[in-house]
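Here the structure of chain A is known, so what remains is to put chains B and C with the ligands in place on it, guided by the hints.
Chains as they are written, first to last, in this note's numbering: chain A, 1 to 275; chain B, 276 to 652; chain C, 653 to 1060.
Among the hints, a few may not be true.
[Unchecked claim] Going by beta-carbon spacing under 7 Å, a handful of chain A positions derived as facing chain C:
1) Glu44
2) Thr249
3) Val250
[Stated by the list, open to error] Every beta carbon over 10 Å from chain C, so not counted as near; a handful from chain A, in silico:
4) Asp42
5) Arg51
6) Gly52
7) Phe62
8) Glu65
9) Asn168
10) Val181
11) Arg185
12) Arg186
13) Ser236
14) Arg265
If you're looking for bench data, these hints aren't it; they were derived computationally from the structure. Note that the Cβ used here is the ideal one computed from N, Cα and C, for glycine as well.
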Amino acid sequence: MSHAPSTLTERVARIALVVSAIAVLVFLVAPILAILPLSVNDSEFLTYPMRGWTTRWYESVFASEKWRLAVMNSFLIGIPATVIATVLGTLASIGLAMADFRGKAAISALILSPLVVPIVIVAVGLYFFFAPLGLTQTYTGLIVAHAALGAPFVVVTVSAALASFDRNLARAAASLGAPPVTVFRRVMLPILAPGVASGALFAFAASFDEVVTVMLLGAPHQRTIPREMFSGLRDSFNPTIAAVATLLTVLAVALLLVVEALRLRAERLKTRAGD
Amino acid sequence: MQVGSVGSDAREIARAGDFVRFDKVEKSYDGRTLVVRQLDLLVARGEFLTLLGPSGSGKTTTLMMLAGFETPTRGLITLEGRDITRVPPHKRGLGMVFQNYALFPHMSVRENLAFPLEVRGVSRAEIGERVTRALDMVRLGKLGDRRPGQLSGGQQQRIALARALVFEPKLVLMDEPLGALDKQLREHMQYEIKHLHERLGVTVVYVTHDQGEALTMSDRVAVFNDGRIQQIDRPRTIYEHPDTAFVAQFIGENNKVDGTVTALGVGEATVTTAAGQAIRAEAGPGLSLGGRALVSLRPERLSLAHGADAVANHFPGTVVETIYHGDHLRVRLEALGRDDFVVKAPVSGSEALVPGRTVDIGWRVADGRALPIETPA
Amino acid sequence: MDRDVDLAKDLKRAERRRRMTALALIAPLFLFLMASFVAPIVDMLRRSVVDTELAEVWPATAAAVKHWQPGAAAPDALYAALGADLKASAEARTIAIAARRLNYALPNGRSLVLNTGRALRADDTAPASWRDRLIGLDPAWGEPATLVALQQASGPATDFYLLTAVDMERDTAGAIVQRPAQQSLYLQVLGRTLMISLVVTLVCLLLGFPLSYLVANAPARTGNLLMILVLLPFWTSLLVRSAAWIVLLQDQGVVNGALQALGITDGPIRMIFNRTGVVIAMTHVLLPFMIMPMIATMKSIPPTYMRAAVSLGAHPAVAFVRVYLPQTVPGVAAGALLVFIMALGYYVTPALVGGAEDQMLAYFIAFYTTSSANWGLAAALGVILLGATMILYLVYARLAGMGQVKLG
Ligand SMILES: Nc1ncnc2c1ncn2[C@@H]1O[C@H](COP(=O)(O)OP(=O)(O)O)[C@@H](O)[C@H]1O
Ligand SMILES: [Mg+2]
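With the rest of the complex left out, here is chain A (with noise of 0.2 Å):
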């Protein structure tokens, strides 16, 4: 564009695009940015103009049994709900992309529908199914939900890194004389290792992030982060609570770098020879 002369209204159109984007952009970041500086203030309110430093929220966050049991009960479910999740989700991807049979699509469908059934009637319908099996209040309930809830972000990733995966690489592998076994482990693993890690960090996110089946299966005892600050932001806002988010959003930029890395790492080995 820039090598004809353009006209006064193509300028202005593109201005008002740069603007117009650049306006959303700061619609999307922004917010997260403007709770953050709230967790150092030293004021009980959650208002600007900014009062002055202080470190007492997050040692309040720190020193609180409530938070403290909040963090363990976050990963004591997050971590085996995202192994479940990531290793069923792994094979299932491979068998979804072995073979073709009657009735495939409707299989993926399912598999993925967790992405989209409100998560209200899901938690509704464990709420009635656990409890004749005595699994309401259990910690074991909460991972099997969550693992259900998380599997289909492995699936949908660890496909598209098998979708992009050159068969010929494990072609060439076995004529090179490597059995199928150290086909799968040497040459197919470490190229989908990349999807099938960025499955797991979202599956992981999703069961870091989730409220409302923790709301209704789980016991006073196993709050979750997502769980308290849900409390505190209905009854109680208050600056500890910024000090959470703060942490939380640590965690979110610092998942979010991880699986840019892993996706950039997972586009090197895709690109192939000669293309």
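Okay, now just chains B and C with the ligands, sitting in the frame of chain A:
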């Protein structure tokens, strides 16, 4: 029946020089259409055999059956007399070069080359030594620590070649290995592969759809069409004495003149066109007196020189246009009932070839080949 | 020849083995989801038509009332059964279940049942006529509406909850009619849910398009950086983002402060704990889901098309509308559908930044499950929400293709 066939197999296999053997191999992916039909093929030890044919003619499928990635629907494949039809690929010990090289992107060049040796349990020290030797062989000794993604197309090609050879297989398969390279690099690599073949004495089965590549590299060429081998022979024979109209047309340029066989002698036939012009040509296989035939004429074997009376065939033609090609001139003429008759003429002395001028086209009996017109099977 | 047959058979067997391996790999997740996801949902949906509460505490009444024809006089046997059940359940302290169930269908049903039960428990004499005794305690027992309610509650299946979920009921003659306005709520909630989702989708579309265009057409390095900014909210906790909007939009918040400083308003404008807050916060949450498919689509549109159109003499604006826009439709449609589907089921955001009038279907489903234990109604509302979601999901799957579901 069963006993008999095993007996005859054993006898056939014992024949000298049979290194690889396809015996009545057929392949169908969908259970209905045959992609490879009734394929009999012998590959001699140490030879460079090229499978040549248009896209979709079944070359890759044939190669994949030899490599073990596809199972024949019918028939038998043997390697050094051993039935390998059901042997899985990793136990066949064949080297293979893929079109897109299939270098492992997560391993360095050296790791790629070490892979076949590692899975064979070769000792660390020997692996290092052999990998270095293989890298030197393709003159890329300095690039061992790079990842494939950091190499140019030609370098990746050479690494793929080195990887397929490093474990010293007796047979190497290549499926359009030069297809992704530009023209100049491709020609260079053709010589390099050819020289490696000669130096190592390894047997090569090579797939391409590029006739030039096939003619320059091979000891023998098998021309594929529609799942069948049309002709298998030395490049020169394939080019100069095609057995079928398909081969004549697929390899090299040719003028086709059709007519009826009016005389059939030893090695020579006369084909008369609809306009009554009689052409004498070398007789291909399968001609019958009174049957339809076409005469295939290579443009470079025709001459426009004046006084062509000395040769057996000469016919008048009218120049339509001439195109300058640097080393020669392409002359398009109206002749023998066609308006796309092409003759390659030397550039010198071509001043007279102006459009509209009538000239004399002449050729020897041996420069034309009469072939039966194929009726679709 | 035997060998040929063998080979063909081998091939078939190999193919079958491959398929079996594939199924074996899929099976663990499939079975896990069946048990932990599909079965619970089906079980919940079942509850929207199952109605056995009354029959469990008042079995004789439930059996007797089945034979009664609405409009006909109630037989003495029915009253005898009802009286005996009332008294027995009052003594067994299970009467509250029947009271709660009748209260769904009958205004004052709870007090009618509980008061009658209390009176019967205090009095051990067997009455000559249960009809007279009950009607003497409360004339409501003689009204056809009460008997209709009893009959509808007698199970084992009912359309009562599903009808209630769309503000309908059966009248005394058993015909389906609109509920009186003061008892109508759910159509309004459904309408509100659809409306909020629609507005959020449109706002996402409007905001997402220019940003997607910019990201898709930026040089790779800038594009990657912009993409990280787009993904930051996607990874940030929903709770953090709700907290952020409360801080920003509250009366003493940054936005109101800025508006007042700029002299646009005198006093604070209410922007949180109302519809505005819900739409803003939900847009913020769902915008990345709109942007990602749009960027993917826009990246796949080669710039040559626009250049070709302009070279053919089209004004750039015309080329944009006629050549570029139509090619973005798949991405835009996929993004919009995804946002709409996800918005429909939202619970957390409206619960945190909305007022009482802004709660969506999901809120009422959770409410009837936990707070008021009206499980039938919770299930019936669930049927509606899940039905809408699944229909749109199928459209989405068809439109985008299941393989197209992508993340990040
Ligand atoms: N895996 C496959 N499944 C089904 N059909 C195939 C497969 N591979 C090749 N074919 C079909 O078999 C025919 C021959 O293909 P191929 O052997 O690849 O030919 P070539 O290598 O000569 O181009 C083609 O019609 C092709 O479409
Ligand atoms: Mg091929």
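Structure-based check of each hint:
| no. | hint | in the structure |
| --- | --- | --- |
| 1 | Glu44 | violated, 13 Å |
| 2 | Thr249 | holds, 6 Å |
| 3 | Val250 | violated, 10 Å |
| 4 | Asp42 | holds, 16 Å |
| 5 | Arg51 | holds, 13 Å |
| 6 | Gly52 | holds, 18 Å |
| 7 | Phe62 | holds, 18 Å |
| 8 | Glu65 | holds, 20 Å |
| 9 | Asn168 | holds, 18 Å |
| 10 | Val181 | holds, 14 Å |
| 11 | Arg185 | holds, 16 Å |
| 12 | Arg186 | holds, 20 Å |
| 13 | Ser236 | holds, 12 Å |
| 14 | Arg265 | holds, 13 Å |
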